[in-house]
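Protein chains: 4
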Amino acid sequence: MTYVTFPTGKSLDFTAIGRLCIDLNANEINRPMEETMTFTKYVGGSPANITIGMSRFGLKTAFIGKIADDQMGRFIADYLQKNHIDTTNVVTDHTGAVTGLAFTEIKSPTECSILMYRDNAADLRLTAEEVQEDIIAQAKVLLISGTALAQSPSREAVFQALQYAKKHGAVIVFDLDYRPYTWVSPEETAAYYNLAAEKCDIILGTREEFDMMERFEANPEHSDNVTASKWFDYSAKIVIIKHGKDGSIAYTKDGEGHRAQSFPAKVVKTFGAGDSYAAGFLYGVMQGWTLEKSMEFGSAAACIVISSHSCSDAMPSAEAVHDYIERCNRGEITAS
Amino acid sequence: MTYVTFPTGKSLDFTAIGRLCIDLNANEINRPMEETMTFTKYVGGSPANITIGMSRFGLKTAFIGKIADDQMGRFIADYLQKNHIDTTNVVTDHTGAVTGLAFTEIKSPTECSILMYRDNAADLRLTAEEVQEDIIAQAKVLLISGTALAQSPSREAVFQALQYAKKHGAVIVFDLDYRPYTWVSPEETAAYYNLAAEKCDIILGTREEFDMMERFEANPEHSDNVTASKWFDYSAKIVIIKHGKDGSIAYTKDGEGHRAQSFPAKVVKTFGAGDSYAAGFLYGVMQGWTLEKSMEFGSAAACIVISSHSCSDAMPSAEAVHDYIERCNRGEITAS
Amino acid sequence: MTYVTFPTGKSLDFTAIGRLCIDLNANEINRPMEETMTFTKYVGGSPANITIGMSRFGLKTAFIGKIADDQMGRFIADYLQKNHIDTTNVVTDHTGAVTGLAFTEIKSPTECSILMYRDNAADLRLTAEEVQEDIIAQAKVLLISGTALAQSPSREAVFQALQYAKKHGAVIVFDLDYRPYTWVSPEETAAYYNLAAEKCDIILGTREEFDMMERFEANPEHSDNVTASKWFDYSAKIVIIKHGKDGSIAYTKDGEGHRAQSFPAKVVKTFGAGDSYAAGFLYGVMQGWTLEKSMEFGSAAACIVISSHSCSDAMPSAEAVHDYIERCNRGEITAS
Amino acid sequence: MTYVTFPTGKSLDFTAIGRLCIDLNANEINRPMEETMTFTKYVGGSPANITIGMSRFGLKTAFIGKIADDQMGRFIADYLQKNHIDTTNVVTDHTGAVTGLAFTEIKSPTECSILMYRDNAADLRLTAEEVQEDIIAQAKVLLISGTALAQSPSREAVFQALQYAKKHGAVIVFDLDYRPYTWVSPEETAAYYNLAAEKCDIILGTREEFDMMERFEANPEHSDNVTASKWFDYSAKIVIIKHGKDGSIAYTKDGEGHRAQSFPAKVVKTFGAGDSYAAGFLYGVMQGWTLEKSMEFGSAAACIVISSHSCSDAMPSAEAVHDYIERCNRGEITAS
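Residue numbers (the working numbering), protein chains in the order written: chain A, 1 to 336; chain B, 1 to 336; chain C, 1 to 336; chain D, 1 to 336.
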């Protein structure tokens, strides 16, 4: 059954708006960051990672965002271009903003944390006027990410992008990606997440992220059905609620909850799992696959990324994902 | 024909959320403010004035807002209570915010200006958590005012109030009341005005206010029909666009534009005209009158206020408005 | 004995830098402000009041400050000019700052309070570059006021003015005038008060103000001698410590503490007492009078002001002060 | 001749207050940072580097500063302790501030630049109350650094430290270390640099830094003599003005200008030259050496640091510096 119909006659498959930053990944791992002496630089930021993933799968993609006028910003733009992502709407800041940073700490494959630098981040300086309507007009899908809602003027830029996407019929995907540090208060967060989610066709988030959005609502048992129903009353067609190691469930307007198989992996770190899952899942849905097959593809893509050192650079090709699934099915891959 | 249906079985006729401030009106008028030596103090703020007007008409009203913890704040609360307005949800600030001020300058009946003090204003400190759901649940009408959208956390409080009003079936009225000084940029203003307007049943504003909201849209001829149609695609049933001395037009979903008779007045100043018009019009609509009769009642109420020294304190009773209309019809009142 | 020698050959007797604001004095007094309905507008701000006082005594004066680009700012400039105060260095703000306000509440002659509006005040926007060296070069005396140290860039403007005054040999007077509301913390306040006081020849303040400056020092018994001695180690020649109704003491470098006679008054309110005292005292010292006679003149000037409705407008002429002293001496004036 | 006398009977030789941060030095050098993929982490910040240098020379040292409550902050505290620096007065921030970062770019030995992260830096959150008087009371020398004056409350903490140093007779050294990015305006910078410099015994800076401080003064020919004389009128005994590759001159109150020999070096990068020079020079002066010999020692220490990858970690022992000088004198070291 088809839950979402994508527009045809568009020159771009996918565009995303929001955070572009630098990951500085610990080279010496399995120890506290205090004892890590060297770091390797990668492009990061959830919507950037997803876009890189989509491009690696062979889709035509573009990014809408803002970079600092410095070496880190230029590195990001170069990397996107090398990955065949259209950067026409990647604007350079001229206010002295800096590139957001994420230092990763990998104490063990399951104890990972991030030290964030988000003060005066360039990506949050994107304005509504800088969002190019024609990029969104050409795209089948617009993905928005919750971190871009954290501050003005980026917040207004996202609402403007939503307005353009509605006008031109793009399918809108909301990756909740809630990061408390850039927000003033949980009340403010809930307000803008809800206003944005009302306009979205596909919403992906963890149970905790949906709980945050229900701060002023009655869902005392944290019921997925109550959560999903609410959004089906607005624009949503698919609501994916992630329950950590208990797996993800894709709810659809017909009341169904779809689950998929998971795969073993030799886990290095957990970072990037969500982004690669989102990319894989959306790719599958855009190919017209069933939700189950799309979720399976997302899970396998995530396994590949969490077995590697980076998030963005490790994004696999579609062939690599298919191959991973086959090898798992043949029992060639076992968990670490 | 009935364009808006009001819920029944509610204990409150009307509630408003937003600005509560102090007007300091020049006692010596028809001169520049530099030469005004004494000022008289009144309660002010567009939603406060409208609520006072509704209460004077005999409706049961409540206000949702925030006052400074000082003499000005206490004066406001006292005045509302003396006017039979429920102040259960008028919260007192404890962060050291001050009461917004508006000094009026009346150089001549048609040359009026305002000197505003809006820095650190208490009314903009209202939070989403402070908005009481049960007040809105009991009310037939919720009126929001654009100035309350200008800053966090008041902005989120308004969106929360809209959420409660939708949930409980209150008719939502949006008085655009755009005041540039508290806003960061026109782009930010347009973003939040549009997000709020999508949820409203009745929208009142000047042509210039609607133009501001259409900053990112195509309405090059500033067509009222284009403007009104857009909002009918969302929740609106009535859109009133004011064209200054050319009069107001009430657009309805059936494509009609309704106009009403205007009245002569001995004008002292123009302040308060919009607020008394809004109160009179809404009162009429709530009585089940035609739009034309409601607009006429609003116009007559406005004539009474602009013939007086204050905005809030001059709000007339329904009898006084009816009497004014009759006297006009008998030719007893002529323009100044 | 001469404690301070004033430079000769200067075209200006006195200049002050700092706060220029508007007092809005309750017309209906002896009640809480909630019940006051009308207010009268006066120029206010401690250094402005002192300068007006000096000008009324017949001295040649100038003011260094910043006014809002609005009706209140223009009223202030006009009033200073009408009082023969040179406003060459009264700069107009162009950033949208407002005029500071002080609403007075007079519950009884001894229960007076002030409701201040100091957010985004124009006087605190004065920059170091705007301070004109030649005004200070021409002046015998520069008076600084503590409120101007509360924020950048006004704080730096004061330090620049002190630098010019040192360079050109002006006698520097520091009126502590500590008002907590514009300061971030007591630690910050103490830091800048002390840095400024090190450079001053005459320091006037209450015991409480000097206590605030000694936050990081050892003066557990709040000894005036400990306080005064500290400043004599820097530049001070006279330190006046005010003990409220117990009177003021002028300490001098020779270890003496000078006291003066006080006078009865029909008190309306206590506002303005300190400013008129400062003006009267400094006038006396500049005339070469003894400290005791100068303090007496200051006390009498204060009596006149506290018997009136305003602070600035009530500043007396020298003749009026002499006359008041004589009438007191003849027993014609008794306390209220 | 002895220009500065150090107090005796103190348990600490040296303490410094101010910036503590992390340097992230490019591992792949001689290229733009865009092409650098890995970075190595070091403790950084001018006063931290100088203190590490003094400790390596065998002096008893302490640091007064503030670190972020994160892995970077803990790494800094650990590193100081391992270098035998007393961290009793290294306070941990609890407001969510981050550790300042400096990414270095080494395009060639002479084309070096820094990409700074100074927003919300923990070191600038040190308060006056947190400065421990007894640390300063025990120290022969207090070194302050200009960057700590850039913002409140760190600025007030420095002035409080100066107050304690004056009270307890410590020799005060001011390392100008002017970094424009954390300052609001050049006028603000000049104001606080001058207020601090008035209280210092030894001042070190580049000609450009002294020019910045003379923004409001008349020194059109940028004369070193005019500059030095000004500070001798306050507390200064030695003023070192650095003229880049033309060498440094140490001015003394007797009107003399002292110069010293320089040494060849195999330069990797120029970072850290000033800090190691300052450490070496101060060490020499504290040993009672002539200014010339002290400057020579500073120059040799600088040569060692600029031949290495880091600033802090490369700080040499006194033996290593003596050895370097001897090898230079024997002609064993030549310039790169």
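Be a bit skeptical, because a hint or two may be false.
Claimed, not checked - Chain A regions said to be covered by chain B (calculated; three or more residues, Cβ under 8 Å):
hint: 1; region: 125-136
hint: 2; region: 179-191
To be verified - Listing some non-contacts, in silico: residues in chain C with all C-beta distances to chain D over 10 Å:
hint: 3; residue: E28
hint: 4; residue: E129
hint: 5; residue: S152
hint: 6; residue: E156
hint: 7; residue: N194
Since the hints were made in silico from the structure, they are not lab data. Note that this is a predicted model, so its numbers are computed, not measured. All C-beta atoms, glycine included, are put in the ideal place defined by N, C-alpha and C.
Going down the list of hints, with the structure as the test:
For the region 125-136 of chain A, the proposed coverage by chain B is satisfied: 3 residues have a C-beta within less than 8 Å of a C-beta in that chain, meeting the threshold of three. A stretch counts as covered by a chain when three or more of its residues have a beta carbon under 8 Å from one of that chain; for the region 179-191 of chain A and chain B the count is 6, and the coverage holds. At roughly 42 Å, the least C-beta separation between E28 (chain C) and chain D is larger than 10 Å, which holds for a residue marked as non-interface. Distance check on E129 (chain C): its Cβ comes as close as 6 Å (rounded) to a Cβ of chain D, failing to clear the 10 Å threshold; non-interface status is violated.
A Cβ of chain D approaches the Cβ of S152 (chain C) within 10 Å, the least distance being about 6 Å, so the stated non-interface status is violated. With a minimum CB-CB distance of about 4 Å to chain D, E156 (chain C) fails to clear the 10 Å threshold, and the non-interface call is violated. Under the 10 Å C-beta cut-off, the non-interface status given to N194 (chain C) relative to chain D is violated; the minimum distance is some 7 Å.
Checked against the numbered hints above, the structure violates hints 4, 5, 6, 7; every other hint is satisfied.
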